[in-house]
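Whenever a hint applies, use it, and build me the whole structure from the sequences.
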Amino acid sequence: LHRFAGQLGLPRFKFQSRPGRPWVDHYDVPESLRAPAVRLGALEITFREAGAQIARRRAAAQGSEAACSTGPTARGGQSRGR
Numbered sequence: 001l002h003r004f005a006g007q008l009g010l011p012r013f014k015f016q017s018r019p020g021r022p023w024v025d026h027y028d029v030p031e032s033l034r035a036p037a038v039r040l041g042a043l044e045i046t047f048r049e050a051g052a053q054i055a056r057r058r059a060a061a062q063g064s065e066a067a068c069s070t071g072p073t074a075r076g077g078q079s080r081g082r
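For the sequence shown, the residue numbers in my numbering are 1 to 82.
Calculated from the structure, these hints are not laboratory results. Among the hints, a few may not be true.
As the list claims (entries may be wrong) - Just the calculated beta-carbon pair ranges, DEER-fashion:
1. E31 - Q62: 29 to 37 Å
2. G41 - Q16: 14 to 22 Å
3. R12 - G63: 23 to 31 Å
4. Q62 - A35: 14 to 22 Å
Ideal placement from N, C-alpha and C gives every residue a C-beta, glycine not left out.
If you want it as structure tokens, here you go:
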């Protein structure tokens with residue numbers, strides 16, 4: 001994630017993390033970097049999809065067998081390219 005963010009020019013201090021809750025670790029991607037993020041491989045997802053992704057990551061981190069997506073994403077208003 002940090003390498004991907006670096007490719008976009010996002011500084012490391014923009015990384016958002018909560019101790020004990022790694023499933024919410026993320027960088028906010030500004031609108032101006034959305035298209036470059038997608039070109040680099042990020043998937044645009046809706047807020048609903050982001051919530052489901054966080055739930056999967058939380059379940060996986062807490063020992064569940066739920067699937068955990070680890071690819072970079074760019075959260076947007078619509079799901080595209082799926």
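Status of the hints after comparison with the structure:
no.	hint	result
1	E31 - Q62: 29 to 37 Å	holds (33 Å)
2	G41 - Q16: 14 to 22 Å	holds (21 Å)
3	R12 - G63: 23 to 31 Å	holds (29 Å)
4	Q62 - A35: 14 to 22 Å	violated (35 Å)
In summary, the one numbered hint that this structure violates is 4.
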